Structure formats: C-alpha cells, structure tokens
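Please build the complete structure, drawing on both the sequences and the hints.
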Amino acid sequence: MRIDASVSPAALRAGMLADLGARHIDNRFHYVGERSAAMWQALADSHSPALAEDGLAAYERAARAALALLPDGPVHVIGMACGDGAKERRLLGALASAGRTDITATAMDVSVPLVSAAAAAMGAVPGVGTTDAVAVDITAVRDLSPLVASGTPGTRLVTVFGIISTLGPDVLVPATSLLRPGDVLMASANLLPDRPGAREAIMAQYDNPPTRA
Numbered sequence: 046m047r048i049d050a051s052v053s054p055a056a057l058r059a060g061m062l063a064d065l066g067a068r069h070i071d072n073r074f075h076y077v078g079e080r081s082a083a084m085w086q087a088l089a090d091s092h093s094p095a096l097a098e099d100g101l102a103a104y105e106r107a108a109r110a111a112l113a114l115l116p117d118g119p120v121h122v123i124g125m126a127c128g129d130g131a132k133e134r135r136l137l138g139a140l141a142s143a144g145r146t147d148i149t150a151t152a153m154d155v156s157v158p159l160v161s162a163a164a165a166a167m168g169a170v171p172g173v174g175t176t177d178a179v180a181v182d183i184t185a186v187r188d189l190s191p192l193v194a195s196g197t198p199g200t201r202l203v204t205v206f207g208i209i210s211t212l213g214p215d216v217l218v219p220a221t222s223l224l225r226p227g228d229v230l231m232a233s234a235n236l237l238p239d240r241p242g243a244r245e246a247i248m249a250q251y252d253n254p255p256t257r258a
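Under the numbering used here, the first residue of the sequence shown is numbered 46, with each subsequent residue one higher.
Careful: at least some of the hints might be erroneous.
Claimed, not checked - Ranges between beta-carbon positions, derived for each pair:
1. Tyr251 / Arg225: 34 to 42 Å
2. Ala59 / Ala87: 27 to 35 Å
3. Pro119 / Arg68: 41 to 49 Å
4. Pro254 / Glu79: 20 to 28 Å
5. Gly78 / Ala102: 27 to 35 Å
Calculated directly from the structure, the hints in this document are not laboratory data.
In this text the structure is predicted, and so the values were computed from the model without any measurement.
Built from N, CA and C at the ideal position, the CB exists for glycine as well.
This is the structure:
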C-alpha cells in the first residue's frame, strides 16, 4: 500500500482542527479511522442506492458501455475514492466475464481501512491479477499520476463513482491527471429523480437510525 502525505496523522489532525474552527466537518472524517470506517460500511450496506435493483442495473449498463470503448489488450482499473470498492468489483467482474484475461486494479481512497479492504476484495474477483492500494486525499492532491505504478500495463479505466455530488466537479481534475491518450474515464452523478417521494427516499439514506446513533 502507498500512503500519501495528504492522509498522514499530521495532515488529518490539521484538517480536523481547521474544520472544528470553521464549525464544519469534512466528509473524509466520517470514515478515516477503523471504527468510523466500519460504521460507514454498515451504513453503506444498508442504504447505498448502488446496491438497490435500479442502481445495480445502472452500473451494469455503464460497464457494458465502457467495454465498448476499450481496445483489446490489458486493462488497468483505477477506482478513485472507491470506498469499499463495491462498484469497482462489479466492473471488474464484467470485464472478466467479457473475456478479458489481463486485468489489474488500483484502489484509491482517503481511508486506509477502506482502501485496504477494497484492494483485497478487488483482487479476489476471478480473473483479476495484480491489485494495489493507494491512500490519498484526492481533494488535496491535484496530480495523482506519481502514486500509480507507472509500469502497470494496459488501457486505464479510471472510475469516479458517486462522489461528484459530494466533492463537486473539481474532483475531475485529479482524475484527468491519471488519463493518457486512449484511456477511459467513467463518472457517475447522483441525481434527484423526477417522481413523487424521490427527495424523501434520498434523505432516508442520510437521516436514519444509524446516522443518529
């Protein structure tokens, strides 16, 4: 695992003190520690829309679209801010099911516990070879390319799943630092459906008994 200075104890402490002074807690502090990461994982397992039927179908369609863009040969999936890597695991499974035999993966997240678990889970997908874990705060590091093993072969498939609505569109800047000519970027945005009860359903993902505990 590579651990960037942006997630060092000193950097996290400075960030927490700054947030307390501003009376605002950044999202990263919800899951950087072992206990908070476990609580986040339980909440995601219970309330993540990506695990619902509609969410699963959407990511399956996205995986098929990505496959159509990839040339033959090795593929290197890089999951930015991947959390537990659940979405990336499904993407890797789709690549393997499509007959790709030379697949590598890099998990990238601000949480050391989550990114470690994500890399292990991504590496357990049948057909996936080498996996790597990078702990980094992507809001603090604009150029992520030095953190990714340069010798890893294949077209890069960089994912930015479920974080644009939280971190804003500027998160795409570090994502593009990983792209070379011919590489592919996959991004998802959590939008508000135009149907009755949609807002209440989304709020329930955040305002529920576990988050109030």
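Hint-by-hint comparison with the structure:
no.: 1; hint: Tyr251 / Arg225: 34 to 42 Å; in the structure: holds, 37 Å
no.: 2; hint: Ala59 / Ala87: 27 to 35 Å; in the structure: holds, 29 Å
no.: 3; hint: Pro119 / Arg68: 41 to 49 Å; in the structure: holds, 48 Å
no.: 4; hint: Pro254 / Glu79: 20 to 28 Å; in the structure: holds, 22 Å
no.: 5; hint: Gly78 / Ala102: 27 to 35 Å; in the structure: holds, 34 Å
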